[in-house]
Amino acid sequence: MTARRLVALLLAAATPLAAQSGFARLAGRVPPPALSAIDSILVAAHREGLPTQPLIEKAFEGGAKGVAPDKIVLAVSTSADQLRVARALLREAGEAQPTDPAEVTAVAAALSRGLSPELVGELTAVLPGEPTGPALHAVADLVGHRFAEDSSVDLIVAAAQSGLRGLRFLDVAAAAVQELQRGRSHAAALAHVKSLLPNVPPPPRPAPSTLSRARRVQPGPDRP
Amino acid sequence: MMHIDPQLHRVLDGELPSDDLTPLQREQSAALQRAARLLAEAPVGSVAARVMAEVRRPPLRLGQRVAQWLTERHAVTIAVRPIWSLALAAALAAIAVIPSRGPGPVLGEQEGIAQFVGRFPDARSVEVVGSFTDWRPGAVVLRDDDHDGIWRASVVLPVGEHEYMFVVDGERWVADPLAGRYVDDGFGRQNALLFVRPLAR
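Residue numbers (this note's numbering), protein chains in the order written: chain X, 1 to 224; chain W, 1 to 201.
Hint data in this document are derived by calculation from the structure and do not stem from the laboratory.
All the pointers check out, no bait thrown in.
If you anchor each label on the Cβ, the simulated ranges turn out as follows:
| hint | chain 1 | residue 1 | chain 2 | residue 2 | range |
| --- | --- | --- | --- | --- | --- |
| 1 | W | I78 | X | G163 | 54 to 64 Å |
| 2 | W | G170 | X | A68 | 17 to 27 Å |
| 3 | X | A187 | W | P121 | 32 to 42 Å |
| 4 | W | P137 | X | S36 | 21 to 31 Å |
| 5 | X | P198 | W | L92 | 40 to 50 Å |
| 6 | W | L178 | X | P198 | 23 to 33 Å |
| 7 | X | P198 | W | S85 | 46 to 56 Å |
Only a predicted model underlies this, so the values are computations on that prediction, with no experimental measurement involved.
Beta carbons: idealized from backbone N, C-alpha and C, even for Gly.
Make the full structure from the sequences, and use the hints.
Given below as structure tokens:
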């Protein structure tokens, strides 16, 4: 093998590795002792086909909050595990291969909010081929207000069967919470909102005045 | 207008002979007759001549007529009841006095508005840091213009789920007590959660 061919091979191998690595993005935002371990997690996630943006965000978050390097690594690793579980749930529910990164992220977020994998799997099975993020978010909202998990999933499933989709699931959860705040019991609030389906009122829209835009660095399509 | 003696008037009209006038009246009569001759000799056309001159002038083109109409003065009369003129004046005053509130930035289909409100009476600065800024501080600053301790910001964000925390005085991380949705951040704290809806529904 000539030297020129060896250099070409090394370059060919290095380019995808550089693309998988988030080292450049992490530098300056994450404590240096954590960089290497987090970069390894990112490279592994990328090879497995998992979305890496949530992992990078978790590392940024730890750096911004001044968290100790080992705790940042642990949090990023835990997030990667949740993404794996989320993808497995979606595959069990019959999602296409490779699984949509946005869906994996949404399911992982629901898991991190405390929903059990069984209920997440049940809900994703009700909405095959559709975005499940808002539905999961709605169930998590209900559970966060101490509605029973089973009953919360039942309400959102009923909403789906009545034809509601997407962000309207959030309206359903918001309506139930509102009934709770008006003094109804949890069971009565769920029953009342179920009787309204699919005509649940949307929340009021804020006026677009005195607005500013949040600045965010958008990741490139190939960057993890 | 100059006053003319009645007797002089009658002489000028030919009703009396000029012999009946005094020397002074005769001088006045002569002056008036000279003036009358001058007026008769002046090259001022008669009314009929001026009318005929207007008739003989070539007609104006449409553009010239419009230009003439626009540049000439016209008397315009508007009959308005006083109550309506008062209402119009009030409306104009209201437009001038009421500050106009701009519509803000134009939102895309995949953008919505998030409103952040927090009560921090003793804070010198409050900002929101979250996943929508890659957790980079300094992007979304809340304001307390009336110094009542309530800090506010309205921000355009991408549609979807976002995690965030307030940062008070640049160092104290605080979960939004009004968020209603929280998630463990993995570092021993809780992030607030918000789900931004598209405004253009």
